[in-house]
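So the chains spell out like this:
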Amino acid sequence: DGGITQSPKYLFRKEGQNVTLSCEQNLNHDAMYWYRQDPGQGLRLIYYSQIVNDFQKGDIAEGYSVSREKKESFPLTVTSAQKNPTAFYLCASSPREGVNTEAFFGQGTRLTVV
Amino acid sequence: AQSVTQLGSHVSVSEGALVLLRCNYSSSVPPYLFWYVQYPNQGLQLLLKYTTGATLVKGINGFEAEFKKSETSFHLTKPSAHMSDAAEYFCAVSWALTGGGNKLTFGTGTQLKVEL
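Just so you know, the sequences run in chain order A and B.
1 is the number of the first residue of the first sequence in this note's numbering; add one for each residue after it.
1 is the number of the first residue of the second sequence in this note's numbering; add one for each residue after it.
By construction, these hints were calculated from the structure, which means they are not laboratory data.
For every residue, glycine included, the Cβ atom is placed at its ideal position computed from N, Cα and C.
A few of these clues could be false.
Stretches of chain B that chain A covers, calculated by requiring three or more beta carbons in the stretch to come under 8 angstroms of a beta carbon on chain A [stated by the list, open to error]:
(1) 39-52
(2) 80-86
In silico lysine-lysine, DSS-like type, Cα no more than 30 angstroms apart, as pairs [what the hints assert, rightly or not]:
(3) A/K83 with A/K14
(4) A/K9 with A/K71
(5) A/K71 with A/K57
(6) A/K70 with A/K9
(7) A/K14 with A/K57
(8) B/K113 with A/K9
(9) B/K58 with A/K57
(10) B/K49 with B/K103
(11) B/K103 with A/K9
(12) A/K57 with B/K103
(13) A/K9 with A/K57
(14) B/K69 with A/K9
(15) A/K57 with A/K70
(16) B/K103 with B/K68
(17) B/K58 with B/K68
(18) B/K69 with B/K58
(19) A/K70 with B/K103
(20) B/K103 with B/K58
(21) A/K71 with B/K69
(22) A/K9 with A/K83
(23) B/K68 with B/K113
(24) B/K113 with B/K58
(25) B/K113 with A/K71
(26) B/K69 with B/K113
(27) A/K83 with B/K103
(28) B/K103 with B/K69
(29) B/K49 with B/K113
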């Protein structure tokens, strides 16, 4: 079945560490996205990529980095510069064409700073 | 800028009662609107979407939403709530990104509780 796989489901990070969240899709979508979800704030866009080897900052990119070396993969690194990284992170993908096409979401990674 | 506002962060209904979750949008161009549902510790699943054409949109699990341009609203309804409907619901507006793909702007979500 086609879909988006995020791993790990739960991740614990010590302060000062970088951690990388994995996102893989087999939907053949060009566009991929990372969102952060905090209680009562909805989802906010961190980074997006519309094509391999290209990505753009979203609304809250500070303290995060991404890469897009393969169409299927869009990993997110939460760096030590992110002051409040504890959150639920969601990866999504969509076709490039058409503003009315929906985004498909992974099951999320819950990151906790310990 | 486009945005959505969801009125009511928590809604509680009895099983079998009408479900009404409110969403108002702000958009300078014809909007593309979506409703997503999220179960605990899971990703988002599309319930329905409005693009153009018919203003009453039917989705999965018996949900529907009506696009009302005059009221800038896209409220989600279901005639009879079921226990399995308990979840968080997000309204979102989409617009095209330069170079392809869409940016979704989400509301803050409404937690639906269904009581016996």
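Cross-check of the supplied hints:
{"no.": "1", "hint": "39-52", "verdict": "holds (count 9)"}
{"no.": "2", "hint": "80-86", "verdict": "violated (count 0)"}
{"no.": "3", "hint": "A/K83 with A/K14", "verdict": "holds (12 angstroms)"}
{"no.": "4", "hint": "A/K9 with A/K71", "verdict": "holds (22 angstroms)"}
{"no.": "5", "hint": "A/K71 with A/K57", "verdict": "holds (18 angstroms)"}
{"no.": "6", "hint": "A/K70 with A/K9", "verdict": "holds (22 angstroms)"}
{"no.": "7", "hint": "A/K14 with A/K57", "verdict": "holds (25 angstroms)"}
{"no.": "8", "hint": "B/K113 with A/K9", "verdict": "holds (25 angstroms)"}
{"no.": "9", "hint": "B/K58 with A/K57", "verdict": "violated (34 angstroms)"}
{"no.": "10", "hint": "B/K49 with B/K103", "verdict": "holds (15 angstroms)"}
{"no.": "11", "hint": "B/K103 with A/K9", "verdict": "holds (25 angstroms)"}
{"no.": "12", "hint": "A/K57 with B/K103", "verdict": "holds (12 angstroms)"}
{"no.": "13", "hint": "A/K9 with A/K57", "verdict": "holds (24 angstroms)"}
{"no.": "14", "hint": "B/K69 with A/K9", "verdict": "violated (40 angstroms)"}
{"no.": "15", "hint": "A/K57 with A/K70", "verdict": "holds (18 angstroms)"}
{"no.": "16", "hint": "B/K103 with B/K68", "verdict": "holds (22 angstroms)"}
{"no.": "17", "hint": "B/K58 with B/K68", "verdict": "holds (15 angstroms)"}
{"no.": "18", "hint": "B/K69 with B/K58", "verdict": "holds (17 angstroms)"}
{"no.": "19", "hint": "A/K70 with B/K103", "verdict": "holds (21 angstroms)"}
{"no.": "20", "hint": "B/K103 with B/K58", "verdict": "holds (23 angstroms)"}
{"no.": "21", "hint": "A/K71 with B/K69", "verdict": "violated (38 angstroms)"}
{"no.": "22", "hint": "A/K9 with A/K83", "verdict": "holds (21 angstroms)"}
{"no.": "23", "hint": "B/K68 with B/K113", "verdict": "holds (26 angstroms)"}
{"no.": "24", "hint": "B/K113 with B/K58", "verdict": "holds (22 angstroms)"}
{"no.": "25", "hint": "B/K113 with A/K71", "verdict": "violated (39 angstroms)"}
{"no.": "26", "hint": "B/K69 with B/K113", "verdict": "holds (29 angstroms)"}
{"no.": "27", "hint": "A/K83 with B/K103", "verdict": "holds (25 angstroms)"}
{"no.": "28", "hint": "B/K103 with B/K69", "verdict": "holds (21 angstroms)"}
{"no.": "29", "hint": "B/K49 with B/K113", "verdict": "holds (23 angstroms)"}
In this structure, the earlier hints numbered 2, 9, 14, 21 and 25 are contradicted, and the remaining ones agree with it.
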